[in-house]
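A.B. asks: Sequence:
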Amino acid sequence: MDQPRLNGFHYTQRPAFNDEAADAWLGTSQTVHTTAPPTRSHSMSSLSNTSPPLSSPSAGSIFSPQQSTALLQRPASQSSITATPHTTAPLNQTTVHCIQTLSQARDQPEGSEYGSVLAIAQSNQYVFSGSQRGDIYVWSRESYRLEHILVGHTAGCLSLALDEANKVLYSGGGDGKVRAWDAEQLKCLYIIHAGVNSGAILSLAYSVEHGLLVMGCQNTSIQWFDVANRDAVGSEQRARELAARRSRFFDDSVKPLTVCASYMDEDEAMSVEPEEEFYLVSEASTIHYAHSGYVYSLLLGGADVLFSAASDGSIKLWRLGSVLEETAVLDRASDADACVHSLALGDELLYAGLQSGTIEVWDLETMQRIRTLEGHTANVLTLAMHMGCLFSGAADGTVRVWGADLQNLGWIRASADSVLALVGCEDTIISGGGDGALAFWDVGALQHDTPCETGALHEPLRRKRGRRMLQALGQWIRMRSVSGVPELQHECRRAARFLRDLMRQLGAADARLIASTPTSNPIVYGRFDATADVPLAERRTVFVYGHYDVMPAGDEKLWRTEPFDLVGRDGYLYGRGVSDDKGPVLATLFAVAELAQLGQLPLTVVFCIEGEEEHGSVGLHETIAEHRALFGQPRLVLLSSSYWLGETTPCLTYGMRGSIRANLRIESSRKADVHAGVWGGAVNEPLVCLSHILARLADPTGRVLVPGFLDDVRAVDPKEEQAMRNLVGWIAAKEARAPLVARTMAQADTLDDLYNQLMQRWRFPTLTVHHVDVSTVAARSNATLVPAAAQAALSVRVVPDQSLEDIAEKLRHYVHQVFDEIMRDGRAVLDGLKLHLDVRPNAMWWLADPETPVYQAAARAIQTEWGSEVPPLLIREGGSIPAVPWLESFFDGAVAVNLPMGQSSDNAHLDNERISLENLVRGRQVVWRLIKDIGKVL
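For the sequence shown, position 820 (counting from the first letter as 1) is numbered 820 according to the UniProt record's numbering, and the numbering increases by one without interruption.
It should be emphasised that the hints constitute simulated quantities derived from the structure, not laboratory data. C-beta atoms are modelled at their ideal positions from N, C-alpha and C, and glycine is treated no differently. Do not rely on the hints blindly, as some may be mistaken.
To be verified - Between beta-carbon pairs, the in silico distance windows are:
(1) L558 <-> S669: 40 to 46 Å
(2) S803 <-> D838: 51 to 57 Å
(3) N726 <-> P535: 42 to 48 Å
Said to hold, decoys possible - In silico lysine-lysine, BS3-like type, Cα no more than 25 Å apart, as pairs:
(4) K671 <-> K834
(5) K734 <-> K719
(6) K187 <-> K167
(7) K834 <-> K810
Required output: the full structure, derived from the provided sequences and hints.
C.D. replies: As structure tokens, this is what we get:
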């Protein structure tokens, strides 16, 4: 499924951040073109695109059995719509982008319509989406994760309404029932059976003042249910009445299917009917033939007013009370559009979305139609008033935005199918489409930021700032800051300047680029002050380390999205660098900036974000040493450059292995390859010699054969062993499905096997041969040549208490020894061989004490933020970060803390790199909590 995008918008680069843009959204600017989206012809719009169109019934008519097979076909005009493209005035410098796309259809067969999003409702905690197959998907507003699926309806969930005061969600189904759900506990409370012959429940409205749930039905009736007095009729009487009912809406040969056939078989459909309390809508609470067509829309207009609209083209006003009383009918012309699909209310104006693709605007004081809005090319199926603007969704797949002056501000390509539902949420519009996509659109540029007036951020404002972080991340990801590639050095510098400007935008006391070596990328330096009373060189500081360079994308065909575009899908963010390390760097930056704005920084925080980490951190040590005074007296070195062991349990990293890199090359005295059929056996072969050397470095089990290699490895004490075995027991029970754990356990017969594997990955040294190559392209592809040279790349991972220099020297000595043995024992052949060996210590091992006050504070911050019953798992990494042990050593007395934000499935350095949005947002809050209280332990 393609990512919903802003269609018809021109993408331009926003200038550097400045004071005038202080509260504008960060990211790429998008300007509305003055051309409309491509015109499409529509002979109908429906929720089931394969069924024939159905004409609106006349007053008093009854539907035939043939019509019942397409009950949810919204009536269409006799001729197709060919609206003329409508020009719109541009909305300059407006940022509208898709924050996240969630898919109801991802578990359905390709082409299935069961996943269509037919209705949306929201609470403070969740977004609810009703699907065409009848289920209700429950999504977290914070993380965009799927939290639960409410199962009960046996046909499409067509309408949703929320009683916010009592935390009850009402869902209207194609099965003729309304279900009441506990919106917090996510369980069904009771069922309301609509009146006899009602058909599908197409629309719902809940009046808090009257405690009434109003239903718009397929059989043209409007019904209501007194929720507050629902137990006035006893359960036994209700049971007798339900047993006595027999639907005459369908004849005996046709099943009452509305949207689509149930995805369950008949026995399963019967078995899911729960034993919850049930209620019935009485005849006295029903207005038959309230309209002469399907009642598509109900809308509350205050405490006592209800609007209704139907497929017969009528719009009616009702007075709410113990009964519904019709008070007015809007005078639409007899030749007007025959179907009204949707209603919205704002500023004493009523908006009606029509089948023709137009929107009527009614003045409710004069009861006159004052304007018609044109722009869509197909049925306007949903309307929403939000932030002073009207948003309209149509069967042409677009959402249009109309300003307070009713001008068309622009349009969004929101769905590959029809847009069936819209709802406003803070500074976001949520759209649901026939393609099964639930898309969250950031429309915050249509309003100004509200300053925070208290010492704590309210949750809506916190979410807004989270979206600002994501938009900044989206722009940063688009910069291809791959280090070590001269052709992309300008992209690295763009990424560095972007981060510097962002720091200034967020209120840094100082933000600058620091030049490193002539050919390396600059370091981005930023500082947020807690106090200016003490000279910087003497201040205690928190030193934040990270990097803005990324690995190459590799084979882009393996990516499901563009590698250098940030794409939100199903609760994850995809893009190169989103997990390593641009996402965590921005999360930390925004957390620190928020504390600084609130005046809650206990210590000055300095940022040192390098651009060469993926290329060996060239020049980092020298540059920091040269500018030592800029960093104060660091007491905490904070970074986030590791990953959870699994997928659900937060972790805290306290150890990493060191590394040594080596390149081994064997050259022949001849300058060119030779033919094996002519010279084979008569000349020395570099690749054979290289193979013998590599075979002598480690045995087939991976045990390193370099003499003295294991001499200085620290012994595993009983406390460490017990901690590791406890960890193994936990992950086996709690994280068995996580990719890394599952792969390990698939080959582990016992927990002892899993323990040994983890110890090998984290605790013991290793030697790895990464690749072997030959001298020429011809030798790689021609199986008849003897290459003139061969080479291999190696690495060694070292652990406490090994010395980098000692292991490097032992490796050098042993390789030379093996090579000399081969040359001494070899028979006399032509061409001599020469060994070239380059062994370079790269990173020292690092091991922290997780029982220190700093680590205890970090563990508390993680546990509090995630609401865990147990502390985070203490883990080690098999990889290396050269800067960490060096920074601890250089800043005498500093303690390094590595806070992992990513999960084990993040695919850092691989295709489809991603990070969970929840992990990124909560990671920012973990940093916020840690730094806020760090002054108590430093």
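A.B. asks: Does each hint fit the structure? Answer for all of them.
C.D. replies: To see whether the hints hold, each was checked on the structure:
1. Remark: the range hint 40 to 46 Å for L558 to S669 is upheld by a beta-carbon distance near 42 Å.
2. A hinted range of 51 to 57 Å is violated for the C-beta pair S803 and D838, which are about 19 Å apart.
3. For N726 and P535, the hinted distance range of 42 to 48 Å is satisfied, since their beta carbons lie about 47 Å from each other.
4. About 12 Å separates the Cα atoms of K671 and K834, which keeps this hinted pair within 25 Å; it holds.
5. For the suggested pair K734 and K719, the alpha carbons sit about 22 Å apart, so the restraint of at most 25 Å is met.
6. With a C-alpha separation of about 12 Å, the suggested pair K187 and K167 falls inside the 25 Å cut-off, and the hint holds.
7. For the given pair, K834 sits about 20 Å from K810 by alpha-carbon distance, which is consistent with the 25 Å threshold.
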